[in-house]
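Sequence lines, in order, name chains A and B. Residue 27 in the working numbering sits at position 27 of the first sequence; the count goes up by one each step and never skips. Here the working numbering runs 79 ahead of the position in the second sequence, where the first position is 1.
It is possible that part of the hints are untrue.
Simulated pairs of lysine-lysine, DSBU-like, Cα-Cα distance not exceeding 30 Å [said to hold, decoys possible]:
no., chain 1, residue 1, chain 2, residue 2
1, A, Lys39, A, Lys28
2, B, Lys85, A, Lys28
3, B, Lys85, B, Lys208
4, A, Lys28, B, Lys208
These aren't lab readings, by the way, just hints derived from the structure by calculation. Remember, predicted model here, so these are calculated numbers, not experimental data.
Here are the chains, one letter per residue:
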Amino acid sequence: MRIDTNAASMLWLIPLVVAIAVVYKATKVHQIRAKAFAKETALLIGSIMVFITVAAFILYGVAWLVTEQLPAMAGGSAF
Amino acid sequence: MPQTWKDNHAFFLIVIGLLAWVVPGGGHFALNERRRAIVICVTVIVTFLVGLHVGSIGVIDPVNAKPWYVAQLMNSPAVFFLGQFSASGQFPVFGRAGEIGQIYTSIAGLLNLLCIVNAVYTAHLLGLKGARA
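With the sequences and hints as input, model every part of the structure.
Structure, rendered in structure tokens:
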């Protein structure tokens with residue numbers, strides 16, 4: 001299978017997050033009942049996705065500052 | 080508590096741990112946690128197979144990617160035989176062996192390790208409960 005290194009390849013993160021959330025919740029809940037289990041798992045998936053998105057924005061901001069803004073202030077390129 | 084109970088208990092925990100390793104969810108299945116076992120089994124196996132599909136059998140590399148291989152081994156002892164096969168290098172690679180495929184198969188292994196530990200701990204608690212009763 002060919003997967004390019006572009007923004008869309010980041011979507012491969014989603015099935016992995018689902019797997020992690022499902023297995024983690026399967027080991028944590030007292031009893032597995034379909035509705036409650038799905039709700040708890042969805043909540044965990046959402047939490048992880050939000051955290052990853054926030055972390056990505058922060059890292060993107062830091063990278064943008066270091067590669068675009070700081071060299072401009074110093075009057076040259078970082079690379 | 081008598082020594083025989085401790086011996087039997089340790090043996091019981093080892094058997095549960097081995098079952099959980101041989102078949103993902105096997106430990107929970109043996110503890111009568113059928114639903115939990117099915118959820119674990121399906122999720123771990125599907126994650127591992129997606130990794131294999133993405134990167135082909137080359138993702139299991141006991142020679143050049145030992146840390147990843149150790150994590151992959153946690154899926155099942157069957158990975159050891161796949162590793163022996165892939166170490167020979169006599170296989171076609173249909174994808175990039177590293178990156179996403181390796182991450183998927185290794186995460187599946189680490190998730191199964193979590194389930195092994197959980198199954199052994201659950202068995203320990205059940206054993207204690209049985210001894211007190």
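A quick look at each hint next to the structure:
no., hint, result
1, A:Lys39 / A:Lys28, "holds, 14 Å"
2, B:Lys85 / A:Lys28, "holds, 27 Å"
3, B:Lys85 / B:Lys208, "holds, 13 Å"
4, A:Lys28 / B:Lys208, "holds, 19 Å"
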